[in-house]
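Make the full structure from the sequences, and use the hints.
Chains as they are written, first to last, in this note's numbering: chain A, 21 to 96; chain B, 3 to 332.
Misleading hints may appear alongside valid ones.
As the list claims (entries may be wrong) - If you anchor each label on the Cβ, the simulated ranges turn out as follows:
hint: 1; chain 1: A; residue 1: I62; chain 2: B; residue 2: W103; range: 24 to 34 Å
hint: 2; chain 1: B; residue 1: G120; chain 2: A; residue 2: V68; range: 19 to 29 Å
hint: 3; chain 1: A; residue 1: G65; chain 2: B; residue 2: F23; range: 45 to 55 Å
hint: 4; chain 1: A; residue 1: I38; chain 2: B; residue 2: K304; range: 31 to 41 Å
hint: 5; chain 1: B; residue 1: S255; chain 2: A; residue 2: I38; range: 15 to 25 Å
hint: 6; chain 1: B; residue 1: G120; chain 2: A; residue 2: K91; range: 29 to 39 Å
hint: 7; chain 1: A; residue 1: W88; chain 2: B; residue 2: D5; range: 50 to 60 Å
Please keep in mind that the hints were generated in silico from the structure rather than gathered at the bench.
It should be emphasised that the depicted structure is a prediction, and the values quoted were computed from it without experimental measurement.
The beta carbon of each residue, even a glycine, is placed where N, CA and C say it ideally should be.
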Amino acid sequence: MKFGLYGFLFAMWGLIIIGGGIMVVLLGPFTIQQFGNFHWIIASGIKVAIALILVVIWILILSKLKNWIFKKELNS
Amino acid sequence: MIDLILPAIISCILAFFVVYFTTPPLIKILTKKNYVVKDMNKKENVMVARPGGISIILGIVVSEIVLYGFFQLNEILAIIITTTAAFVIGYVDDRKVMGGWFKPVTLAIAALPIIFLGVYDSDLAFPLFGDVQIPLLYLGLIVFMIPITGNTINSIDVLNGVASGFMIIASFTLSICLFILQNYEIAIISLPLGFVSLAFYKYHKIPSKIFPGDSGALTFGAMYGVIAIIGGVEIIAAIALLPAVINSFLFLSSVKRVVEHRQIKGKPVEHTDDFKLKATNEKTAPITLVRLILAGGPLTEKQVGFAIFKLAIFSSALAIITAFMMAVSL
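As structure tokens, then:
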């Protein structure tokens with residue numbers, strides 16, 4: 021079980037680094053110009069929505085990973 | 003840099019010795035007033051004083067006030083106000099059983115001084131890739147961060163010495179990372195948290211003479227969260243806290259709602275005849291970090307505590323690697 025937990029920690033760390041990459045490279049530079057003075061609010065809203073979707077995807081990946089690691093560990 | 007050494011030494015000595023010397027009389031007073039709870043993981047009927055949050059907050063406030071005398075930084079005021087508010091919230095929960103909503107909502111309110119004092123940078127720094135500007139989203143992050151760190155530390159306070167021992171490892175890691183990132187003032191401001199935890203661990207380690215209670219755990223977690231925000235090391239702080247985050251994640255993903263531990267029906271852990279801890283097979287019981295550690299077989303309370311500390315050291319190493327990665331840009 022010990023190695024499973026260390027593996028899970030390492031996987032979470034990797035997902036945080038990758039998530040950061042997506043935030044900085046894709047989400048950060050995202051802008052909208054068509055909505056006059058409110059363009060930054062709309063752009064922020066879209067960024068928040070995408071960030072929340074990413075969080076949900078990350079949680080699903082972690083859940084699957086958790087089940088896979090610990091089932092494998094228990095079967096060994 | 004030399005100017006910072008004297009305040010650092012004075013505040014660390016004060017943080018350590020205020021807790022070291024106030025905890026024994028606090029144990030006596032709490033025991034005399036019958037503010038004691040049963041230690042559930044002991045064979046005998048052992049009663050332990052609670053809450054130890056009183057000496058913890060005293061150590062933090064005294065050392066931070068001294069630091070404020072040297073630096074006059076709003077960041078220190080944010081630490082004092084938010085951490086004291088978290089202590090009060092925890093103390094109310096120690097004295098009176100509150101609903102599951104109480105701590106998250108009130109801790110979110112306790113985070114507001116960070117916003118009002120303007121002691122944050124809305125750029126979120128990631129390793130390898132640089133910063134991302136999220137002015138609006140960051141305000142939400144501040145309001146969420148304090149309840150998350152507070153409740154995360156609270157959720158790991160399940161065995162003798164674990165919350166304070168874990169806090170020693172995580173908070174000193176955060177201070178080291180702040181030094182690596184050359185954020186010296188915040189690094190020094192963060193040091194009292196480690197020394198307060200270290201002094202409290204002397205009385206909290208197995209066999210515990212005092213429990214921190216919600217007031218102590220929330221004080222630890224809230225101060226850790228404030229340091230992460232004012233130091234701009236949110237990601238590093240989250241990584242150093244990963245074993246406790248995993249505990250909360252496993253708990254929430256198995257229970258699927260925000261709920262107080264006392265409201266859970268199934269027991270995740272039980273005792274063997276020789277009073278070792280053993281994972282149960284109850285399907286209604288939540289999956290917790292301790293339950294997963296025990297999946298390999300029964301262990302003593304001390305062995306489980308050390309298993310958690312080893313995980314904390316591993317995640318601290320990852321946090322320090324991440325701090326070095328902050329200087330690298332792809």
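Each hint, compared with the structure:
no.	hint	verdict
1	A/I62 / B/W103: 24 to 34 Å	32 Å, holds
2	B/G120 / A/V68: 19 to 29 Å	22 Å, holds
3	A/G65 / B/F23: 45 to 55 Å	53 Å, holds
4	A/I38 / B/K304: 31 to 41 Å	37 Å, holds
5	B/S255 / A/I38: 15 to 25 Å	20 Å, holds
6	B/G120 / A/K91: 29 to 39 Å	48 Å, violated
7	A/W88 / B/D5: 50 to 60 Å	52 Å, holds
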